[in-house]
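My request is simple: use the sequences and hints to build the entire structure.
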Amino acid sequence: MLKYRLIPCLILKDDLIVQSIQFKRYLPIGKAEVAIEFFVNWDVDEIVLLDINASRKGRKPRLDLIALYAEECFVPFTVGGGISTLSDIRNVIRAGADKVSINTEAVRSPHFITEGAKTFGCQCITVSIDAKKNSSGDYEVFVNSGKESTGLHPAEWAQKVQSLGAGEILLTSIDRDGTKQGYDLDLIHMVTDAVTIPVVACGGVGTMDHFIQGIVDGGAQAVAAANIFQYTEHSTIIAKSALKKAGIPVRLSSQVKYEGFNIDEKGRLI
Amino acid sequence: MTRSITIVDYGMGNLSSVKNAFVHLGRSVTLTSSAEDIKRADVIILPGVGAFGEAMQNLQALNLIDILTEKVMHEKVPFLGICLGMQLIADSSEENGFFHGLKWIEGNVRKIKAPQSFRLPHIGWNNVTVKEGSILFNDLGEDKNFYFVHSFHMNCDKDIIESTTEYGGEVTASIRKDNIFATQFHPEKSHVNGMKILQNFLRLC
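The listed protein sequences correspond, in order, to chains A and B.
Going by our numbering, the first sequence opens with residue 1, and the numbers climb by one from there.
Going by our numbering, the second sequence opens with residue 271, and the numbers climb by one from there.
Hint data in this document are derived by calculation from the structure and do not stem from the laboratory.
It cannot be assumed that every hint is accurate.
[Claimed, not checked] List time: in silico DMTMM-like cross-link candidates among lysine to aspartate or glutamate, alpha-carbon distance up to 25 Å: (1) B:Lys-466 to A:Glu-33; (2) A:Lys-244 to B:Asp-361; (3) B:Lys-381 to A:Glu-71; (4) A:Lys-118 to B:Asp-279; (5) B:Lys-381 to A:Glu-115; (6) B:Lys-414 to A:Asp-193; (7) B:Lys-466 to A:Asp-193; (8) B:Lys-466 to A:Glu-37; (9) B:Lys-381 to B:Glu-306; (10) A:Lys-118 to B:Glu-402; (11) B:Lys-414 to A:Glu-115; (12) A:Lys-245 to B:Asp-361; (13) B:Lys-466 to A:Glu-115; (14) B:Lys-414 to A:Glu-72; (15) A:Lys-60 to B:Asp-279; (16) A:Lys-245 to B:Asp-279; (17) A:Lys-244 to B:Glu-402; (18) B:Lys-414 to A:Asp-64; (19) B:Lys-428 to B:Glu-412; (20) A:Lys-244 to B:Glu-412; (21) A:Lys-160 to B:Glu-436; (22) A:Lys-245 to B:Asp-413; (23) A:Lys-133 to A:Asp-186; (24) B:Lys-383 to A:Asp-193; (25) A:Lys-118 to B:Glu-306; (26) B:Lys-414 to B:Glu-402; (27) A:Lys-118 to B:Glu-412.
Please read these numbers as outputs of a predicted model, since none were measured by experiment.
See below:
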C-alpha cells in the first residue's frame with residue numbers, strides 16, 4: 001500500500017536554513033547539510049529545499065550548495081527557488097536533485113511547466129502554490145515569496161498546472177506559515193478535490209495532530225512542515241508515530257522504535 | 271580487483287543521486303556518455319527520470335544503442351536499469367505516443383491502470399511483494415518499502431518479474447533476466463532498503 005509521506009521543508013535564505021513566519025520574518029536556524037543528514041536517518045520520506053531569495057534577487061539556483069546537500073540525501077530531494085529555464089532544471093537535477101519545484105515562473109510563463117514535463121517527465125515537475133486570503137476574503141495565489149498577487153484562484157490554478165503537465169503540487173498557506181495553528185484545511189481540501197495529481201500540504205503545523213488533519217480532513221497525499229521539525233526534538237519520529245497511531249499508513253524504518261514513549265499535546269516527548 | 275561501475279549519462283535524470291549512492295557504498299563510479307568508456311565497462315547502470323521518447327532519442331544521438339546492446343546482450347556484463355532505465359530495455363512504450371525501446375526484454379511500457387481514486391503519478395513509498403529466491407532482495411526486513419515515482423510500468427512475461435507493488439492493481443516493481451536487473455523504484459532514493467538492493471546487485475558483479 002502506498003504510504004502517506006512526511007516531508008521536512010527546508011527554507012534556505014542565502015546559505016542558511018531559516019524559520020519563516022508568514023513569509024515576512026525569517027530567523028536563522030543552521031546549516032542545511034547537517035539538517036539533511038539528520039532527517040534522512042530520522043525516517044523522513046522526502047526532503048524539500050526552497051531557496052527563497054533566488055527569485056527575489058533574480059539569482060540562479062545555487063548548484064554548489066545543492067550538490068553538497070545531495071551527497072548524503074538518500075531519500076528524494078526536491079529543490080526550488082530561481083528555476084526559470086529548462087537548463088536551470090537540468091542543472092539542478094544534475095547537481096543532485098530528483099525533482100524541481102517551480103513557483104513564480106510557473107505563473108509568469110505557464111508553458112514552462114509543459115516544456116519541463118515534456119523534457120524531464122511530469123514526475124520531475126512539482127508546482128509550488130503559495131496562497132492566502134486576500135483583502136476581500138477570497139483565496140488567491142501569490143508569487144515571489146508571497147509578495148506579488150496574481151489574481152489566480154488556488155483550485156483553478158491547480159487544475160491548470162495539472163493540465164499543463166505538473167506531476168505534483170506543493171501547497172502552502174501563507175496565512176498559516178509559522179503560526180503553529182495547523183494547516184488551512186479549507187484551502188487544502190479545495191485543491192486536493194480539484195486535481196488528480198498528488199498534493200503536498202504545507203504551512204502552519206504546530207502539533208502532531210495537524211499532520212493527521214492534513215491527511216484525514218485535507219485529503220493530502222503528503223504532509224510537509226518546516227519549523228516543527230527544527231524546534232521539536234525527535235519530531236519526525238514522533239510525527240510518524242502519531243500518524244501510525246491514527247491508522248494512517250506510513251513508512252516506518254526498522255531502525256527506529258516507534259513505541260514506548262509519551263508525547264504532550266504540543267508533540268514533545270515527556 | 272573491484273570492477274568499475276559505469277553510469278550511463280544520456281542527459282536524462284538524477285545521475286548524481288545514483289552516483290552518490292554508489293560512492294556512499296565505497297565504490298568508485300564513472301559517469302559517461304562516451305561509447306569508448308562504455309566499451310570498457312564491467313558493470314553498467316542505466317538510470318533515468320523523464321520521458322521515454324526523449325530518452326531513446328538521446329541514446330541514439332549519442333550513438334550508445336549499439337555499444338550498450340553489445341555489452342549487455344552479448345558480453346553479458348551485469349546491468350542495472352532504474353526507473354526509466356528499466357522501461358527503456360523493453361520493446362516499446364506508449365508514453366506520449368508510441369516509441370521503440372532497446373528491445374532487450376520482451377514487453378511494453380503502459381500507463382498504470384488504476385481506479386480514479388488512485389492519483390497519478392504513483393509517487394511515494396510502497397511495499398513490494400518479492401518472488402521467492404530473488405537475490406536482489408536478500409537481507410531485507412519485513413517492510414520492503416521503496417520509493418516510486420512514475421505513471422507507466424513494464425508489461426512483460428511473468429517469469430522475469432521479481433517483485434510487484436499494489437497501486438489500484440498490480441504494478442511491476444522489478445525484473446531480472448540473466449545479467450539484466452531492473453527496478454521501477456529508485457533504490458538510490460530508498461534509504462536503507464535501497465542501499466541493500468544496490469549492495470546485493472554489486473555482490474553479483
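Practice task
Mind listing which of the numbered hints don't hold for this structure, in increasing order?
Solution key: 2, 3, 6, 7, 9, 10, 11, 12, 13, 16, 17, 18, 21, 25 and 27
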